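A.B. asks: Starting from the two chains in their separate frames, assemble the complex, guided by the hints.
Each chain, letter by letter, is given below.
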Amino acid sequence: MAYYVEEYTRAMSLNVENEGGSPGSPENVPVTSFRQLQVAWGVTGLLFLLFNLLWWPAEYRRLAADPERFPEQAKVLSQSGQRDQAIRLLEEGLSRFHPPAPEPWNAYAGLVRGPAKLQASLRAGWLTWRREQGEPGQLLDLTRKACTAWPCCGWTPTSEELPSTLARSWRVALGLPDTVTLAPRDLLALAWLSGGRVSCDGMIGATGFLASELLVAWSPGSDRQTGVVMAVGNTLYTDARRGMHVALLRPGLDHPAPEFLHFDFWDGEETSRQFVQRLRSVPVGTVVLFAVTLDSRLNFTDEAEACLAEFGIPGEAWENGRLVSFGLRHAFCAIGARGAPAGSAMAAWSPHSWRGVPGHPVCCVVIPERLS
Amino acid sequence: MIFPGPAEYLLTTLVAFLVAALATPMFRWIARRYNILDHPTQHRKIHPRPTPYLGGLAFFAAYLVVLVESIWRRPELIAPVHYPLAVLGAVIILLGLADDIFNLSGAPKLLVELMVGALLYYWAVGEQGLAKPLHAIIDLGPLAPLIAAVWVAGVMNAINFTDGLDGLAAGLVAIASAMLLVVGIINEQPATCLVMATLLGSTLGFLLYNFHPASIFMGDAGALFLGFMLGGATLVEQQKGAAVVALIVPVITIALPIADTLLSFLRRLRRAREGRFFHPDREHLHHRLLALGLDQRRAVMIMYAFSLLMGLLAILAGILPSPFKPGVPFVAALFTAAAVVWLHRIEQRRRAERQEPGPRDQA
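Taken in order, these protein sequences are the chains called A and B. Counting from 1, one number per residue, gives the positions in the first sequence under the working numbering. Counting from 1, one number per residue, gives the positions in the second sequence under the working numbering.
So here's chain B without its partners, still in its complex pose (with noise of 0.2 Å):
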């Protein structure tokens, strides 16, 4: 197959970005009729008026509609990735609309993502468990379909869990897509590709209404089907006829969220103790970067420019030759770990500010 060029992605990312663009304010008017709204009576929740749901559904219609347009006008556009990615992602929007209206117990959430993580794995990818961790390639035998449930499940929380201002989940998303849909041209993976083709133009179509002050949430079924999407389709990639699970680019790519899952895991963890592992909280960095003093835009605009470095690096990883790949996650770990003790550091001088008097009060 030639690989079709940038040209033609371009046209996908148009099609999305209308799609979602048009979309977006239909569902907004049935989720106003419909009362189905985000009312801030949670302690977590910082917007300030009942916003309405179902901004999602426009991500799902512009890849529904980009896979129909692409079969009909050039059918070799379609791997066999691409159906069960709406087929399971319908499955995600209708737990994600589920949680927006009844706020479901995340442990069963966790459990559907995770068996529609090894379900993709087993539909899409099937037979063989290659992994490349860095350059050289291994068997990951029987491995493989839980390492694919976990990778999905993870990066669908990852998203979500950055899903607390406005724009905040879909710039992201639209960053990270851009940096893959890069990489993918750059390697010659369309898969991949008219994934991050439709993430992009459907995640800038859906910002029109989600900037701060957004007219419209995408809720838990937004941002879990963002993330299935970005998991899925970045599970595997076809080298030389093998699918290989190569996970280094787009872990770098969203390396923000990643690290936010992280820290959330970790905090709870802590709470396990008392039995509120899955319970929310308001210690999400961009929780930390409001309560510094920032406004949402700001806060909105700092974590773009972070996964903005992370996205170049992310496509370093992608074109450079093998001996120099190992290098790459590295620094990007680096900037990340360092990123978190400068946030860390803010807050500590902050809170000793207030804490401590002023040589002026001393006096």
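So that you can see chain A by itself, here it is in the shape it has in the complex (with noise of 0.2 Å):
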């Protein structure tokens, strides 16, 4: 250590002797003061007065342009008797941000009229009840409501193993004591009202390919309470671990066994590369069921959205102030077969929040005709 201070001194003194300086003399002891202490912060705070003079105005600009802030964009279009431009905005925004809170769905029911105004207010309410935590009746009274609403409510469900599972899941999701009992049909209702897809034909979506089994894809989103479900016809498959689940059933067969499958992507960007490679060597016409439980999108590389697309996924969500080509954080569930044309698939997203609204489960399910 004297080594050191010997070292430093003699540094310092070699410096002062080059530069003409005397370190440490009295003429240069310092005088503070809180005048100094004044002057200086009076400067910060100088500046930063005069920066947000000039980025108040920017960012409300911003905001007011913001794609997020739809609803409020929508209102002065409708305010100013543009309500044609308000409603393709509402509806845009809706599709864009699958908002789980009921205002949008609201404002675009005030606008609207016949069956969709019935749905969007139905949309609404459901939202409404989710976030004040309303009575069990009272969701009961809606899914009734539901039933006239949407094209199918009806359904004959082959065991009592899967509708039981699924009620279970939603009451947990929900917040529903046990006792409360869902029927198959307010199960349904369910789908609809938080936004799922549901076939009552057997044609899984617009893909041209006919299930001849009932397929069932449940998301729960980031409550890792329940984890996903999914069936096909009575095999039924539960799972709590967070990631991508997937359901295969080759084509050609009567009754196939299915094939389940599981991807956690956090564990890096290998798990994308076995996901892409295992989903492409599947032969055409194969239908898949996919449910995440959390989240699938962390490491899911570009190559895997492209292999989702191949599937006939619809595609597009905007989290975190941006678009990304699949809403995989934090509910979704998709039906999808392979070879079918870009975005006819069924498919169900819930954003992981939306403006501090957390989303919720999905659930997308196709009944063939004999049991719908």
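Because the hints were derived from the structure by calculation, they are not lab data. All figures in this text were calculated on a predicted structure; none of them were measured in a lab. Among the hints, a few may not be true.
[Stated by the list, open to error] Among chain B residues calculated to face chain A with C-beta under 8 Å, some are:
1) Ile30
2) Leu57
3) Leu64
4) Val68
5) Ile71
6) Trp72
7) Pro75
8) Ile93
9) Leu94
10) Leu97
[Unchecked claim] Listed below are several chain B residues computed to face chain A (Cβ distance under 8 Å; list not exhaustive):
11) Tyr34
12) Asn35
13) Ile36
14) Ala61
15) Leu67
16) Ala86
17) Ala90
18) Leu104
19) Leu119
20) Trp151
21) Ala339
[Stated by the list, open to error] With beta-carbon atoms standing in for the labels, derived distance ranges:
22) Gly327/B with Gln38/A: 52 to 60 Å
23) Leu104/B with Gly356/A: 33 to 41 Å
24) Ala342/A with Gly327/B: 39 to 47 Å
25) Tyr60/A with Leu312/B: 41 to 49 Å
26) Cys152/A with Leu10/B: 55 to 63 Å
27) Leu46/A with Pro213/B: 28 to 36 Å
Glycine included, each C-beta is placed from N, C-alpha and C at the ideal position.
C.D. replies: So this is what it looks like as structure tokens:
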């Protein structure tokens, strides 16, 4: 230590000699006062004030044009008499953000007419019930009304296990007590109310493929207490592990046994490669069910997105201020088929949150004609 | 959002450079006018004559001008982290100025730094604490704000510790920000790129006045602000729509200040028994290089060169495919440890040469 002190003193004295100063000499003793602090802080404050004066007008302008603020923009359009533009803007925003808050749906319901008005107000009612944790009776009232607003609500489950598992998952996700009974028709109504996709004629969306078995994909989103629920005919699959769960149903067999797979992309991009490799190995016509627990977006590579699109899964979602190919955070489910035209499959998603309102579970159901 | 591309950030660098180059003499004048000077009265100070402070305000001014210019010209360049960085950066500047003028004690300073780091996390990152230590992603849960606070406060102090020679801290930050800018452009991280381009431009503009012999110092205000921006902007990377704490690349980039901070921390632990944990000393790496007989310019250049090497490794860590990434931090750690050991060996040899008489003397 003494060595260092000696060396530093030497180095310092060398500097002093070279540059003609005298460190520590009495004339250089600092005089500090609050005046100096006032000046320094004053200059900082002035800079910051000027910055804010220039920042906020531009920030307000930016916020006004923010796509996420579509309800406010639509309100302005509507108030200025541009009703059609307001409707278009709301439709675009609703399909882009899938807001789990009732306000945009209420705004839309206030502008449109016919079945769309009823459906939007029912969705708004359900989202309000969910946000305010309403009474179970009010929810059952909503599901009853939903069955009149959407094309189909009836189905005949071929086993007890699927409806009871689905009902339990919905109860956990919605914070309902175990005593609340959710009948099969309530389950379909909940699928409609939460923006899910339901096919009652066995057709898998617009893929052109017909399902001979009942197909169900239910995603809880960030709620890991329940996990995904998937069903192919009487074969039920439930799993609470994080990631993407996949059910493969080979074509050309009368009662094919489904194969269930799980991919946790948080393990790294290697999982994405395995996902692509596995899914691209299935023959054209293979029906595939997807359901996500918590998240499937991190490390989901562009190639994996392209692979998902090959099953006809429709894309585009808005996450954390940017447009992404698929809404894989946090509730996502889809039913598609290998070789289906782009965007023709059935898919549903709910965001992690929208303006602080958390997303909700989503569900896709294909009911063969004989069961509906 | 379409990534703006390198030309956009070149423009940002230029704007920041011009602001810093024009504002620094102005702040120097204010500092002289109101006697806000760094007097070489303490043992660890090596400058010969009182030198104006307030250089740090040039970085702050450059960042504010870049934000205003960007939001008016191309609003899409602005990310949610940028305004919180400006507000909390102002707090850090105020803290640093108070420290420059009144030489505050270390403990309350550290507390404010940790609070600012945690605030930044809650304000700009928020909900979910994901981390990417190597290539897999893990959920940090409630530890996330704590890790963020320690990281931001740690980088602030690391940069502050290196601010001991003319042009050293500004030059190291210029190198680190240039490397992080390259990584940010490669990985398309617009939030990080804007901050790094600003830091690069403003530090280069400031170096016009701060390179040896310096006519103005950045002071604690500048060093803490640079550290805060460097730590805050690298805290999170937006990955597939999620905010992920991925610190490997920035850690490699500023390996030198971090190593210096760790060594200083160990020395302070030794002194803690005497109740002098927060007391500064003259045993930082740059002090040790000076003690070997190097002049300021050479000592600074050696540290620049090492930092550049680390920066190139950081770029490698940023572009290598996942399976190879974990190897880079180990190589960087190996280089850093080797450099510290090499320095120690030279010091030991010098000490032995001074203590032991040579063969001629014995004869």
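A.B. asks: So, for every hint listed, does it hold in this structure?
C.D. replies: We went through each hint and held it up to the structure:
no. : hint                               : result
1   : Ile30                              : 6 Å, holds
2   : Leu57                              : 6 Å, holds
3   : Leu64                              : 4 Å, holds
4   : Val68                              : 5 Å, holds
5   : Ile71                              : 4 Å, holds
6   : Trp72                              : 5 Å, holds
7   : Pro75                              : 4 Å, holds
8   : Ile93                              : 5 Å, holds
9   : Leu94                              : 6 Å, holds
10  : Leu97                              : 4 Å, holds
11  : Tyr34                              : 5 Å, holds
12  : Asn35                              : 6 Å, holds
13  : Ile36                              : 5 Å, holds
14  : Ala61                              : 6 Å, holds
15  : Leu67                              : 7 Å, holds
16  : Ala86                              : 7 Å, holds
17  : Ala90                              : 5 Å, holds
18  : Leu104                             : 11 Å, violated
19  : Leu119                             : 16 Å, violated
20  : Trp151                             : 20 Å, violated
21  : Ala339                             : 19 Å, violated
22  : Gly327/B with Gln38/A: 52 to 60 Å  : 53 Å, holds
23  : Leu104/B with Gly356/A: 33 to 41 Å : 38 Å, holds
24  : Ala342/A with Gly327/B: 39 to 47 Å : 40 Å, holds
25  : Tyr60/A with Leu312/B: 41 to 49 Å  : 43 Å, holds
26  : Cys152/A with Leu10/B: 55 to 63 Å  : 59 Å, holds
27  : Leu46/A with Pro213/B: 28 to 36 Å  : 30 Å, holds
Of the numbered hints stated above, those contradicted by the structure are hints 18, 19, 20 and 21, listed in ascending order.
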